[in-house]
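**Student:** As given, the protein sequences belong to chains A and B, one line each in that order. Under our numbering, the first residue of the first sequence is numbered 1, with each subsequent residue one higher. Under our numbering, the first residue of the second sequence is numbered 1, with each subsequent residue one higher.
Calculated directly from the structure, the hints in this document are not laboratory data. Worth double-checking, as some hints may not be accurate.
One-sided excerpt, in silico: chain A residues whose CB lies under 8 Å from chain B [said to hold, decoys possible]:
1) 17
2) 34
3) 114
4) 187
5) 285
6) 289
Label-pair distances were calculated between CB atoms; the ranges are [stated by the list, open to error]:
7) 31(B) with 20(A): 53 to 59 Å
8) 252(A) with 33(B): 39 to 45 Å
9) 142(B) with 298(A): 45 to 51 Å
10) 79(A) with 169(B): 47 to 53 Å
11) 169(B) with 287(A): 31 to 37 Å
12) 29(A) with 207(B): 21 to 27 Å
Ideal placement from N, C-alpha and C gives every residue a C-beta, glycine not left out.
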Amino acid sequence: MKSDNPGGRTRPRRWQLSDSAIVRLFIFPTLALLIAMNLFPLFWSLYLSFTDYSAIAPQPPVWVGFKNYREILHDRQLWIYFATTGRYAVLAVGLETLVGFGMAMLLRQRFKGSGLITTLILIPMMLSPAVVGMFWKLIYNPTFGIFNYLIGFSQPASGPVWLGSPKLALWAVVIADVWMWSPFVMLLCLSGLNAIPQYLYEAAAIDRASSWRQFWRITLPQVAPLLLIAILFRTIEAIKAFDMVFPMTGGGPGDATELIAVNLYRQAFLGQWRTGRSSALAYIILIIVIAVSNIYIRLLNRLRRE
Amino acid sequence: MGGVKATGIFFRGTTTSIRVDKTGIRARIGVAVRAVLAVAIAVIVLIPVVWMGLTAFKKHADAVAVPPKVFFTPRLLDSWVFLFTDRLVLSKPMLAQYPPECTQSWQVCLKSCPEVSRWYECVALENGQLVTGPSKYLERLRNSLIIAGCSTFLAVLLGLLAGYAFSRFEIPGKDDLLFFILSTRMLPAVVVTIPIFLMYRRLGLHDTHFGMILLYTVFNLSLSVWLFRGFIDEIPREYEEAALVDGYTRLEAFRKIVLPNAMTGIAATTVFCLIFAWNEYAFALMLTSEKARTLPPFIPSMIGRGVVEWEAIAAGSLVFLIPVVIVTFALRQYLLRGVTFGAIRQ
Chain A
1 MKSDNPGGRT RPRRWQLSDS AIVRLFIFPT LALLIAMNLF PLFWSLYLSF TDYSAIAPQP
61 PVWVGFKNYR EILHDRQLWI YFATTGRYAV LAVGLETLVG FGMAMLLRQR FKGSGLITTL
121 ILIPMMLSPA VVGMFWKLIY NPTFGIFNYL IGFSQPASGP VWLGSPKLAL WAVVIADVWM
181 WSPFVMLLCL SGLNAIPQYL YEAAAIDRAS SWRQFWRITL PQVAPLLLIA ILFRTIEAIK
241 AFDMVFPMTG GGPGDATELI AVNLYRQAFL GQWRTGRSSA LAYIILIIVI AVSNIYIRLL
301 NRLRRE
Chain B
1 MGGVKATGIF FRGTTTSIRV DKTGIRARIG VAVRAVLAVA IAVIVLIPVV WMGLTAFKKH
61 ADAVAVPPKV FFTPRLLDSW VFLFTDRLVL SKPMLAQYPP ECTQSWQVCL KSCPEVSRWY
121 ECVALENGQL VTGPSKYLER LRNSLIIAGC STFLAVLLGL LAGYAFSRFE IPGKDDLLFF
181 ILSTRMLPAV VVTIPIFLMY RRLGLHDTHF GMILLYTVFN LSLSVWLFRG FIDEIPREYE
241 EAALVDGYTR LEAFRKIVLP NAMTGIAATT VFCLIFAWNE YAFALMLTSE KARTLPPFIP
301 SMIGRGVVEW EAIAAGSLVF LIPVVIVTFA LRQYLLRGVT FGAIRQ
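Please put together the full structure from these sequences, using the hints given.
**Tutor:** Below, the structure is given as structure tokens:
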């Protein structure tokens, strides 16, 4: 490679850095940025969560101990929002798992054009959730939207008012979420399915195992780790869902789609500016996210060990 | 291959060879059924996107027609004029003050209307509206481009360096550090936004391009580091070691051996960072208001003014989404890696 340097003649040594210097030089900027912009703000908001403070008031934060946390845990309204978020997460993630896995099973066997089809189906998950929220709003529109039309109402106006009815609005958001994120589950499942060694099926065929049995004994257990990772990612995202719901429904009608992250935004920024209290709420959400991830990771580890 | 197959049939005997034939036909029908189903699913999945695209080429009456119009005479200019201008709806008597050739069709207007000189003013007039000035869309688009572009450059640069270090060197507490880096990405945006809002307000970074670039750089850094570690892990160490033996310094080896080999990784990571910064909504909504506002919070706000111009919103979304759709195709090999932070490779 270095033919212009024969006989090991030492080259003029410029910019000779030791390996450890390089490591420090290369990693430092990243760590410094993450500490300044993530770790520091986290500690700051932990402090704020124990204070009475509003970002638009001239008074400095006043230490109040656990008052914010106590208030939040006794706030019935917030429990309703947590319940809505839970329902939303279970419905959306459940449906995404089923639809995504189903699509993966369908696209598992290659056929002419299957690569193109797969990529086309993956488009929704790459789009901006806020803009997706907007076009679902157009699609659900009770007078000129196509959704009611597509599901069989000849007059869209005679169908349900998806975003206007407290009972249906959450479902409307769930449907849009399933549309956007089932492809994500599909993508992970497909890679899991493609990694199953063929000899397992050959062995099962020799044993004359039915395809039903093959599915339960080979396919599902083999895909399970990746499926679980997909579910983990989606659950975390569902708990902190904000981007699509907020432009689409703004939490309404009433508080039918007031997910906890939407309410947090409202408390922290929109009109209320209850900075201390919303910091505490943010920490509670964070703890829930961490707890949920831990449960999944334990499950995942148990699966791996088996 | 042929030999293997033949022995297989040979071992199974004659009766099974008939069964093989049968399953061959059945398998072929199965594949056909799957293909048809898959195409149907793809069509259903794409309906919302296509509908948005169609709406962008409708005139207002068609965009809000009941029942929805699948077939319509496309209007190539209306929605784009609506998107890029602010307009005033003219009342009947005001409209009557214009000579009739001005308000009929924009082509006639452009040729023979003395009071209006620009083509977009003619298009607006045809719709009974008066252009009052440019809309904010172009400005927001420019902000989106600047912020996504600069932050991606920084995230890729820093991520490449850190990813290289994590891939090649023994670092005390490496796994913990990497986990810390990944966990920053899992934080809900709303949780970190409150303190960052306070911090930015004190530093004067609220609603500035620099502030948003910094934030998106950090937001993408974890992805970038993880992806690069994976990509660089795949470049054989021997290449570099050979270069080191030849008298290259570490930095030279990095520049001349690792960089050229990491080009596809750099391209894929760049595009992922671009997409995430381009699409980001929550931070932009809470940390910008005017000067540095990007498109994702702006597009939903187009709805709040009087008559909702769905065709303009559709056009605005289309401009915003098309680059992402193109890029999705370019990236299809790397999608899995990108969306799982490089944790899973095909």
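**Student:** Indicate, hint by hint, whether the structure satisfies it.
**Tutor:** Results for each hint:
Among the interface hints, the one on residue 17(A) holds; its C-beta lies about 6 Å from the nearest C-beta in chain B, closer than the 8 Å criterion. With a least beta-carbon distance of about 6 Å to chain B, the hint placing residue 34(A) at the interface is held under the 8 Å criterion. Hint on residue 114(A) holds. Least Cβ distance to chain B is approximately 7 Å, under the 8 Å limit. Satisfaction of the interface hint for residue 187(A) is found here, the shortest Cβ-Cβ separation to chain B being roughly 6 Å, below the 8 Å cut-off.
At a threshold of 8 Å, the smallest CB-CB gap from residue 285(A) to chain B is about 6 Å, leaving the interface hint in force. A hinted interface residue such as residue 289(A) counts as satisfied when its beta carbon comes closer than 8 Å to some beta carbon of chain B; here the least separation is about 7 Å, so the hint holds. The hinted range of 53 to 59 Å is satisfied by residue 31(B) and residue 20(A), whose Cβ atoms lie roughly 57 Å apart. Distance hint check for residue 252(A) and residue 33(B): the Cβ-Cβ separation is about 43 Å, which falls inside the suggested range of 39 to 45 Å.
Distance hint for residue 142(B) and residue 298(A): a CB-CB separation of about 47 Å, consistent with the stated range 45 to 51 Å. The hinted window of 47 to 53 Å between residue 79(A) and residue 169(B) holds, with their beta carbons roughly 49 Å apart. A beta carbon spacing of about 35 Å between residue 169(B) and residue 287(A) agrees with the range 31 to 37 Å that was offered as a hint. A hinted range of 21 to 27 Å holds for the C-beta pair residue 29(A) and residue 207(B), which are about 25 Å apart.
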